[in-house]
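Chemist: Each chain, letter by letter, is given below.
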Amino acid sequence: MRRLLLATLLVSAAAIGYEILLMRVLSIVQWHHFAYMIISLALLGYGASGTFIAVLRGRLEKNFETAFAASALLFSVAMVACFIVAQRVPFNALEIVWDRGQFLNLTVIYLVFFVPFFFAACCIGLAFTCRGEDAGRIYFFDLFGAGLGAVLIIALLFVVSPQTALVLLVLLPLAGSVLVTTMLGSRLRLGIAQLAWLALLALGVPQAHLELHISEYKGLSQALQVIDSRLLEQSSSPLGYIAVVDSPTVPIRHAPGLSFGTRHIPPEQLAVFTDGDGMSAITRYGGDPAAVAYLGDLTAALPFQLLEGPAVLILGAGTGSDVLLALYHGASRVDAVELNPQMTKLVSQTFADFAGHIYEDDRVTVHTDEARGFVARSRGGYDLIQIGLLDSFGASGAGVQALNESYIYTVEALRKYLDDLDTGGLLAITRWIKMPPRDSVKLIATAIEALRQSGVSTPGRRIAMIRSWNTSTLLVKNGEFTSTEIEHIREFSRTRSFDTAYLPGMQPAEANRFNRFAEPYIYEAAIALLGDSAGEFFERYKFHVEPATDNRPYFFHFFRWRTLPEVMALRKAGGAGLIEWGYLVLVATLAQAAILGLVLILLPLSLVRHDWPAGTGRDFGFYFLLLGLAFLFVEMAFIQKFILFLSNPLYSVAVVLSGFLLFAGLGSASSERFAERVPWPGVSPVVVAVAAIAALALVYVMVLPVVFARFIGLGDAAKIVLSLALIAPLAFFMGMPFPVGLRRLSAIAPGFVPWAWGINGFASVVSAVLATLLAIEFGFNAVILLALLLYALAAWDESVSRSR
Amino acid sequence: MKRLLLACALVLAAPAFADETDYAALRADLVDEVRVYAGYAGDEPFSDAVLEVVGSVERHKFVPPGQVRYAYENRPLPIGHGQTISQPYIVALMTDLLVPDEDDVVLEVGTGSGYQAAVLAGLVDHVYSIEIVEALATSAGERLQRLGYDNVTTKLGDGYYGWEEHAPFDSIIVTAAASHVPPPLIEQLKPGGRMVIPVGGRFMTQLLLLLEKGDDGEIVTRQIGAVRFVPLTGEH
Chain A
1 MRRLLLATLL VSAAAIGYEI LLMRVLSIVQ WHHFAYMIIS LALLGYGASG TFIAVLRGRL
61 EKNFETAFAA SALLFSVAMV ACFIVAQRVP FNALEIVWDR GQFLNLTVIY LVFFVPFFFA
121 ACCIGLAFTC RGEDAGRIYF FDLFGAGLGA VLIIALLFVV SPQTALVLLV LLPLAGSVLV
181 TTMLGSRLRL GIAQLAWLAL LALGVPQAHL ELHISEYKGL SQALQVIDSR LLEQSSSPLG
241 YIAVVDSPTV PIRHAPGLSF GTRHIPPEQL AVFTDGDGMS AITRYGGDPA AVAYLGDLTA
301 ALPFQLLEGP AVLILGAGTG SDVLLALYHG ASRVDAVELN PQMTKLVSQT FADFAGHIYE
361 DDRVTVHTDE ARGFVARSRG GYDLIQIGLL DSFGASGAGV QALNESYIYT VEALRKYLDD
421 LDTGGLLAIT RWIKMPPRDS VKLIATAIEA LRQSGVSTPG RRIAMIRSWN TSTLLVKNGE
481 FTSTEIEHIR EFSRTRSFDT AYLPGMQPAE ANRFNRFAEP YIYEAAIALL GDSAGEFFER
541 YKFHVEPATD NRPYFFHFFR WRTLPEVMAL RKAGGAGLIE WGYLVLVATL AQAAILGLVL
601 ILLPLSLVRH DWPAGTGRDF GFYFLLLGLA FLFVEMAFIQ KFILFLSNPL YSVAVVLSGF
661 LLFAGLGSAS SERFAERVPW PGVSPVVVAV AAIAALALVY VMVLPVVFAR FIGLGDAAKI
721 VLSLALIAPL AFFMGMPFPV GLRRLSAIAP GFVPWAWGIN GFASVVSAVL ATLLAIEFGF
781 NAVILLALLL YALAAWDESV SRSR
Chain B
1001 MKRLLLACAL VLAAPAFADE TDYAALRADL VDEVRVYAGY AGDEPFSDAV LEVVGSVERH
1061 KFVPPGQVRY AYENRPLPIG HGQTISQPYI VALMTDLLVP DEDDVVLEVG TGSGYQAAVL
1121 AGLVDHVYSI EIVEALATSA GERLQRLGYD NVTTKLGDGY YGWEEHAPFD SIIVTAAASH
1181 VPPPLIEQLK PGGRMVIPVG GRFMTQLLLL LEKGDDGEIV TRQIGAVRFV PLTGEH
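Line by line, the protein sequences are chains A and B.
Going by the numbering used here, 208 is the number at position 208 of the first sequence; the sequence numbering is gapless.
Each position in the second sequence, counted from 1, maps to that position plus 1000 in the numbering used here.
Think of the hints as simulated: they come from the structure by calculation, not from any bench.
Check each hint, because a few of them may be wrong.
If the Cβ cut is set under 7 Å, some of the chain A residues that face chain B in the computed set are [what the hints assert, rightly or not]: (1) 104; (2) 226; (3) 255; (4) 256; (5) 497; (6) 540; (7) 541.
Since the structure is predicted, the reported quantities are computational estimates derived from the model, not experimental observations.
In this text, a Cβ means the ideal position worked out from N, Cα and C, and glycines have one as well.
Let the sequences and hints guide you as you build the complete structure.
Modeler: This is the structure in structure tokens:
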């Protein structure tokens, strides 16, 4: 039995590790929103395996060990084989608007990646089904393994490439398979297969096909197509795959928002890509300011016209462009905050000579930290807080980031930045301009809201925005702009052919001089937002430009359903760029998850003989559906919420996922004893558990922002422990309703148990994606409240069915 | 037997004949579609000369074999090397925005498949085109030569500094995205000249930047986007 438990742990660890690894790999080869596809895929695998086992139960029970060992081996092989096959599917996400065949390609990828998760889940499901007497221990090893897998893969990704991490992960289920095979009498065929697979891995046969096929439309692929360009350096970690490209024949010249009137050309640069896209540049600097004089002709240079020798905080220092900008303009002190140490290392070590050792300048201090975390700990005292362009136009323009949560551009964040500024200090944010404007308008709306929430009655006197043809720079002042400052902004703009998009007291005619829109959109938006008609403006604008908040931190989400028919109609008339397709991919993923969930989980179940009492479906089907939806809603909302606190999406996924798995497992293991000890006669243990869940969740909705604000400055380890402590009680109670219901069902109608698993699995598949869609539309708190409503309904349903 | 052989020959030859006829008809349909959408970018219809050239350039000879059947659909198509051939509507619009004249000398930065250069070649005196991807530069150069576009000169190289020995240009078209407009290109544009740059991803043009250089050298740009798409409702 010990060997089986260990094998379960290994398989479970590999499954979660593989899930997180695929999220990382798909972010590199495609784009980040396919992460949601992977979560729902893993759950689909689990759901479908439950159905598979239910259908073939008799045969599998007789050959349990063989079936387990074979499944584990197949899981190990499929992890690599499906990785290779999926990368060969000619899926082009960017072409989805034009070519419906791309949906078919996406479905093929979905089905291919479903296979390994199916085999992993078969192992776990078989252990539960055939060794039900040890369900408690199996459940614990399964969940403990999952938690371990999440931690293991993140640690691995810090030291090895995703491909090597994959090969190491593959060994876990292979070891599990071998362990269970040793429990068998006859093991020849399985043994040969295991040895053959091990030999192939040892000879490096599959490894030869594991290279990542990055979409040819991502920036890195495009840069490497240019004559004589070459990859100078690459490194990978859970924070991103970084690649540095040199192009001597056709030099890189990255200077977003450079004035038409400039006489200065950027010097030699190296292009740096994160996850194959989002280009930024390291600029050659030999200490001669004249060589980088182009920096004075960017919209981002505006704040330096108003400040003398400022103390500057740069959020998102990246490749050092904004640090160089600040030094060029005579900053007295620069605090540069960058989350990814690989990026910092490029400027401070690998290419330090090239970059002119700017990070060694006495005035510069580099902090490896997340922006919000740093700001929360900061004692303030800055004259300027600068947030530059952290993404590429391509990604920004195509709506690729629609699903990226970003806590940098929320109302709460802007309020905190303003708190950290000295009186008269400036917050400067530069964004790409789209047509019609989206980011710029949302940014103004966010600034106005932040100022209003801080008690400023005349926000219009504290904001200013200028724009070139492709960038806008917003200034928010801690104080009102003086007439001299306004004149400085005018002069700076006029001499560089920039337009003043909004200035306190400006005339409309000023807004559209050099870079003409059909209408002065940004100015009109600012006037509407500063007046009494902001609500009406948001309603009428065809893109979602309401400010992002910590509860709904989707700054890049501009999609509105009612605009879709119009932009689809304009697609062939050059209007394709108006489609915010990142969101649509999520909707497509939901549709796929629902359809495939029905086909692979629920449809085959109808093949199982119906031998349960009448009314069972009514009494239990709804219950397990609600539980599946509610559990994942809470889990997904917490993953998103903890990103702010843990300062990193991957940490959040790993900690919240393992926390929920572990403590829900403990709750589940304690559920029987808990049910026996409910002190109120006639009250169902489910009702008690749900009451506890509701109370805890409601307290968290109210208290978490305060807790996060208070403790965000702690070190990573302390924050992880605190997060787990917060998750523990909630997850503990959330682990109870399922096993309590399952035990009652097993006693009344054992034949319906596979249906319960199937329905629950189906709900989980749909819920993972649905939770994100709901969070984008209504915020995380709404998702949690909805989950509580579903839990309450489940408790009510259970009580009613008990009383029958 | 002779009749049978003749019938077989006709059947075998039919696709070839059908091909030619079909492409001409498909081009005519495409032009009709593009004409309908002309008002999207303003009140002016496209010039007849531009539409005539779009209707005559054989787009199916500029796309990879696997894409030939989509050649006359009004959409961008992949041409390999991470590049695309632009949507015909966008090609027509960009060309129209340059207000081409038969005496014009035009610079194109980003040859790609050579399709845009071929369209321009039918309207202006000479097109100079620069490409940074070697494989594309070679294939587009050969293709344009083979199809008889003698007034197009291509080269492999950096387009940032324009093409000094043929400057100044009446108009410049930059088909590759850039973070900024290269100052040397502005210098090589004649006073009164026009430059067009599409902005956005490979399959989704966000907007077209039209840069006009006044006779006094002053630069003004216009963002040519979805004119018919008013971002606020109730203002149509």
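Chemist: Evaluate each hint against the coordinates.
Modeler: Going through the hints against the structure:
Checking residue 104 (chain A) against chain B: minimum C-beta separation of about 16 Å lies over 7 Å; hint violated. For residue 226 (chain A), the suggested interface contact is upheld, since its CB lies about 5 Å from the closest CB of chain B, less than 7 Å. Contact between residue 255 (chain A) and chain B, as hinted, is supported at the beta carbon level, the nearest pair being about 5 Å apart and thus within 7 Å. Evaluation of the residue 256 (chain A) hint against chain B yields a held restraint, the C-beta minimum of about 4 Å falling below 7 Å.
The criterion of a C-beta within 7 Å of any C-beta in chain B is met by residue 497 (chain A), whose closest approach is roughly 6 Å, and the hint holds. Taking 7 Å as the C-beta contact cut-off toward chain B, the hint placing residue 540 (chain A) at the interface holds, the least distance being around 5 Å. Given hint, residue 541 (chain A) at the interface with chain B, holds; its Cβ is 6 Å from that chain's nearest Cβ, closer than 7 Å.
Consistency with the previously given hints fails for number 1 only.
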